[in-house]
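Based on the sequences and whatever the hints tell you, model everything.
Quick note on numbering: the sequence shown equals residues 120 to 367 in our numbering.
Bear in mind the hints are in silico, worked out from the structure with no lab data behind them. Please note: incorrect hints may appear among the correct ones.
[Claimed, not checked] Pairwise CB distance ranges, derived in the manner of DEER restraints:
| # | residue 1 | residue 2 | range |
| --- | --- | --- | --- |
| 1 | G302 | Y180 | 14 to 22 Å |
| 2 | R234 | S282 | 14 to 22 Å |
| 3 | I249 | R166 | 34 to 42 Å |
| 4 | V220 | K154 | 51 to 59 Å |
| 5 | A149 | K226 | 53 to 61 Å |
| 6 | R234 | A149 | 49 to 57 Å |
| 7 | N245 | P287 | 29 to 37 Å |
[Said to hold, decoys possible] In the DMTMM-like style, the derived pairs of lysine to aspartate or glutamate whose C-alpha atoms are separated by at most 25 Å in a straight line are:
| # | residue 1 | residue 2 |
| --- | --- | --- |
| 8 | K161 | D150 |
| 9 | K292 | E157 |
| 10 | K139 | D150 |
| 11 | K153 | E295 |
| 12 | K207 | E300 |
| 13 | K195 | E205 |
| 14 | K195 | E184 |
| 15 | K171 | E322 |
| 16 | K292 | E158 |
| 17 | K292 | D150 |
| 18 | K171 | D186 |
| 19 | K275 | E179 |
Since this is a predicted model, take the numbers as computed values, not measurements. The C-beta atom is built at its ideal place from N, Cα and C for all residues, glycine as well.
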Amino acid sequence: LHESTPTMAKGPVVPEHVLKKRKTLEAIQADRSKKLAEERAKNKVQRGVIFKKAAAYAKEYKQKEADLVRFRREAKKHNNFFMEPETKVVFVIRIRGINAVDPKTRKILQLMRLRQINNGVFMKINSASINMLRLVAPYVTYGAPNLKTVRELIYKRGFGNVSRQRIPLSDNKVVEGVLGEKGIVCVEDLIHEIMTVGPAFREANKFLWPFKLSAPKGGLPVKRKSFVQGGQFGDRERYINNLVRRMN
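Laid out in structure tokens, this is it:
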């Protein structure tokens, strides 16, 4: 009698198209993992650059403030007057609505991007902007913002204009994607450009969507009088910071 040799049981045959699909998916996964690793390495380097920039900006702001204090003390010591540096940028807030607005004023408010009540924008001070502010004075209030105000506005209420869409500034890539060619790659760069009115101020300000502020705590009584007469509209200089705190 011949002993029969046991035959090995064959497993299920995998179709060729399934093997091809599996191979393609593995290649895609490997490529995705490689790109992710490269992106992480790039982000790590970028974070280091941004951190150094933020530290340099903080040092610059601190030095500027210290210089102002020193100049004031020296002027007082020698019985002189210290001429405060001229305002380069103002923050403008619309405080009145659309009722009984004449066409010229409406057009100027549109040019300033103040289409709604409690909207706010930054403006560079020059002869043209001063004339515009003078013409629409009964509908707006404005003043020189400090660093804290600019930083709080951009971090808390900042939105970017990306392809005419209102995108929150939750990631530095949003800023870099639009203003990267101007050397503005993070939110701190954006704040610095607005505060110092740098060479790319126009592009940076255009990128910022008009700030939608809340109604101020305590209200705005006597809107029809100017600020110097005890009302609300017009130039309020450094006191704009107090109003922004109530509206932010």
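Outcome of the hint check:
A beta carbon spacing of about 19 Å between G302 and Y180 agrees with the range 14 to 22 Å that was offered as a hint. Distance hint check: the CB atoms of R234 and S282 are about 20 Å apart, consistent with the given range 14 to 22 Å. Remark: the range hint 34 to 42 Å for I249 to R166 is upheld by a beta-carbon distance near 41 Å. In this structure the supplied range 51 to 59 Å holds for V220 paired with K154, their Cβ-Cβ distance being about 53 Å.
For A149 paired with K226, a C-beta distance near 58 Å keeps the hint of 53 to 61 Å intact. For R234 and A149, the Cβ-Cβ distance of about 51 Å falls inside the hinted range of 49 to 57 Å, so the restraint holds. A hinted range of 29 to 37 Å holds for the C-beta pair N245 and P287, which are about 30 Å apart. About 16 Å separates the Cα atoms of K161 and D150, which keeps this hinted pair within 25 Å; it holds.
A hinted pair counts as satisfied when its Cα atoms are at most 25 Å apart, and K292 with E157 qualifies at roughly 16 Å. As the CA atoms of K139 and D150 are separated by approximately 17 Å, the hinted pair is consistent with the 25 Å bound. Note on K153 and E295: the hinted pairing holds, with a Cα-Cα distance of about 23 Å set against a maximum of 25 Å. In summary, the hint linking K207 to E300 is supported, as the alpha carbons are separated by about 24 Å, within the 25 Å threshold.
Simply put, K195 and E205 have alpha-carbon atoms about 19 Å apart, close enough for the 25 Å limit, and the pair holds. Restraint check for K195 and E184: the C-alpha separation of about 17 Å stays at or below 25 Å, so the hint holds. Restraint check for K171 and E322: the C-alpha separation of about 24 Å stays at or below 25 Å, so the hint holds. Restraint check for K292 and E158: the C-alpha separation of about 12 Å stays at or below 25 Å, so the hint holds.
Of the supplied pair hints, the one linking K292 and D150 holds, its CA atoms being roughly 22 Å apart against a limit of 25 Å. In summary, the hint linking K171 to D186 is supported, as the alpha carbons are separated by about 23 Å, within the 25 Å threshold. With a C-alpha separation of about 23 Å, the suggested pairing of K275 with E179 holds against the 25 Å cut-off.
Of the numbered hints listed earlier, not one is contradicted by the structure.
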